[in-house]
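Please take these sequences and the hints and turn them into a complete structure.
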Amino acid sequence: EAGVTQFPSHSVIEKGQTVTLRCDPISGHDNLYWYRRVMGKEIKFLLHFVKESKQDESGMPNNRFLAERTGGTYSTLKVQPAELEDSGVYFCASSPGGGSTEAFFGQGTRLTVV
Amino acid sequence: DQQVKQNSPSLSVQEGRISILNCDYTNSMFDYFLWYKKYPAEGPTFLISISSIKDKNEDGRFTVFLNKSAKHLSLHIVPSQPGDSAVYFCAASHFGNEKLTFGTGTRLTIIP
Numbered sequence: 192e193a194g195v196t197q198f199p200s201h202s203v204i205e206k207g208q209t210v211t212l213r214c215d216p217i218s219g220h221d222n223l224y225w226y227r228r229v230m231g232k233e234i235k236f237l238l239h240f241v242k243e244s245k246q247d248e249s250g251m252p253n254n255r256f257l258a259e260r261t262g263g264t265y266s267t268l269k270v271q272p273a274e275l276e277d278s279g280v281y282f283c284a285s286s287p288g289g290g291s292t293e294a295f296f297g298q299g300t301r302l303t304v305v
Numbered sequence: 037d038q039q040v041k042q043n044s045p046s047l048s049v050q051e052g053r054i055s056i057l058n059c060d061y062t063n064s065m066f067d068y069f070l071w072y073k074k075y076p077a078e079g080p081t082f083l084i085s086i087s088s089i090k091d092k093n094e095d096g097r098f099t100v101f102l103n104k105s106a107k108h109l110s111l112h113i114v115p116s117q118p119g120d121s122a123v124y125f126c127a128a129s130h131f132g133n134e135k136l137t138f139g140t141g142t143r144l145t146i147i148p
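Residue numbers (our numbering), protein chains in the order written: chain A, 192 to 305; chain B, 37 to 148.
Hints listed in this document are in silico derivations from the structure and should not be mistaken for laboratory results.
Hints are not guaranteed to be accurate.
Said to hold, decoys possible - Covered by chain B, per the in silico footprint, the following chain A stretches (three or more residues, Cβ under 8 Å):
1. 220-234
2. 294-305
Said to hold, decoys possible - Straight-line distance between alpha carbons at most 16 Å, and here's what the computed EDC-like set of lysine to aspartate or glutamate pairs gives:
3. A/Lys-232 with A/Glu-259
4. A/Lys-242 with A/Glu-276
5. A/Lys-232 with B/Asp-37
6. A/Lys-235 with B/Asp-91
7. B/Lys-41 with B/Asp-60
8. B/Lys-107 with B/Asp-91
All C-beta atoms in this analysis are idealised placements derived from N, C-alpha and C, irrespective of residue type, glycine included.
In structure tokens:
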């Protein structure tokens, strides 16, 4: 069974540009999460989808970040325009739901804004 | 405001000995705790968890202890093996909210 996959694995963009990160969760997982780790700090929650609906987006830093989950399958996280402080590793995770809290993580996308 | 704290950024342990990783939390609403292990360039992988109704959970070489009164949990690895060298994250959640709150991680190095 395929795990959570994220594209690209690494992205370097200039300040002011737009970047779109993609996440393909494990098939059948209703819950999809985005997290971010900045410069060796804690892994911070960004938002949570249940199927195609945003359940909790309390961790989104500001309105430069837009997440979508098309048809309850894959998800994209767009940063527009990117700022230097957006640099970090963005992790996507999925879980089947039904009270399961053990989320399965992708390998992450390392975003560097220069 | 960091609700989950791992105060030791790094820990070195001799192979075969016990590794003890510590985690403290401040939010008394947390009722489920997890440990994740992370290798470089990979995502975190789930290791072991414990519910607040228990004080110990064991899985092979890994045991997690929970002290609710002290708001403290620890992960014991016995015996430690070279493949255990990784960054370990403590995480917490509470019922009805499946998002995880993570600590900053502890880098464990097992010395052969």
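Violating hint indices (sorted, rising): 3, 4, 6
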